[in-house]
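Novice: Chain by chain, the residues run as shown.
2 protein chains.
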Amino acid sequence: MIKLKQAIQTQGTVLSGDILKVDQFLNHGIDPELMAAIGKEFTRRFENDGITKILTIESSGIAPSVMTGLYLGCPVVFARKQKSAIHHKGLFAADVYSYTKKTTSTITVEADKISADDTVLIIDDFLANGQAALGLASIVQDAGARVAGIGIVIEKSFQPGRTLLDGAGLRVESLARIASLSDGTVRFSDEAACEVKV
Amino acid sequence: MIKLKQAIQTQGTVLSGDILKVDQFLNHGIDPELMAAIGKEFTRRFENDGITKILTIESSGIAPSVMTGLYLGCPVVFARKQKSAIHHKGLFAADVYSYTKKTTSTITVEADKISADDTVLIIDDFLANGQAALGLASIVQDAGARVAGIGIVIEKSFQPGRTLLDGAGLRVESLARIASLSDGTVRFSDEAACEVKV
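These protein sequence lines are chains A and B, in that order.
The working numbering puts the first residue of the first sequence at -7, with every later residue one more than the last.
The working numbering puts the first residue of the second sequence at -7, with every later residue one more than the last.
No wet-lab data here; the hints were simulated from the structure.
For glycine and all other residues, C-beta sits at the position ideal for the given N, C-alpha and C.
You can trust all of the hints, since none of them are fake.
Quick list of simulated restraints, FRET-style, between CB atoms:
{"id": "1", "chain 1": "A", "residue 1": "Lys32", "chain 2": "B", "residue 2": "Gly161", "range": "39 to 47 Å"}
{"id": "2", "chain 1": "B", "residue 1": "Ser172", "chain 2": "A", "residue 2": "Lys32", "range": "36 to 44 Å"}
{"id": "3", "chain 1": "A", "residue 1": "Ser181", "chain 2": "B", "residue 2": "Lys94", "range": "45 to 53 Å"}
Can you build the whole structure from these sequences, using the hints too?
Specialist: Take a look at the structure:
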């Protein structure tokens, strides 16, 4: 997705530890026009898959998900992220380990938000180690619903998440795939290297 | 705003303690079409005010803000909510007391996200005691920017927030104003009582 790659190139910042800071347009500052373009692109990729619901995770998944829901014509649910949550009958929950923060958090969705006849598109801002996406997929499965696919805004293809989700038989559609962030440079998987300010 | 009031009437639930649960369409489950209508209505009310930025707070403020940003043609910034944050030079911060949770959290915005020449529209999902809105306004003021107004999706007019913001000289535009939630019934400020399931 050219617009997204241009935003990563011109507004992204590569920090040490293979971190790509995109808080000018995706996860602190948000560019609504770019989110609309992302929503249209996810819609193009999933419009024939009978999606009845989008599931994402607070906070950075909300903006691209709501735009996708607008164009795809379906509601959105965002999982809540908590330090810990009491697992009970009225709540679907999954524990998600963050390799960046080295902590486990619990993501939860109230049981009335997903039903067994839903076909769910999972959307998230980043795919790195795949733990959040797997947690969301397990919540969909707990609800007896079907995962149609996983829509990712930015995939760090050099981290294990993509392989993990492919291995679980999940369809993954990423709008930008990054092969490497070495030397402060963003290299997309399918293009020549593009310099990004460090 | 009729569509919003209908959603509150048909999908809202009044809980004890004057709590209105709207997690079917606003703050857990999200109705993207309703969010688009909300975005258009905020745009109608603020389109001649020279807004250059929308400031909101994670997570429930993001959906209505991104839609407003799309139609108003300006970027969105969401303040992060933390249990506590180290106040430092690169960060605008405000402490916000929650009367519901009886805890103080710190909301933060990175300093490069708002500049002194910004004209800011603050958007939030609920107005009850006004503490979040005042915290956001103080962040705008710390940045040397101007608050053009505060856009609220649902105002609980029987709680002190509205009076507090009016008293601070802030323009408040609320899309639904609730006069009372007594007896499990939503009574809007400007209409006859509407029964809502308890």
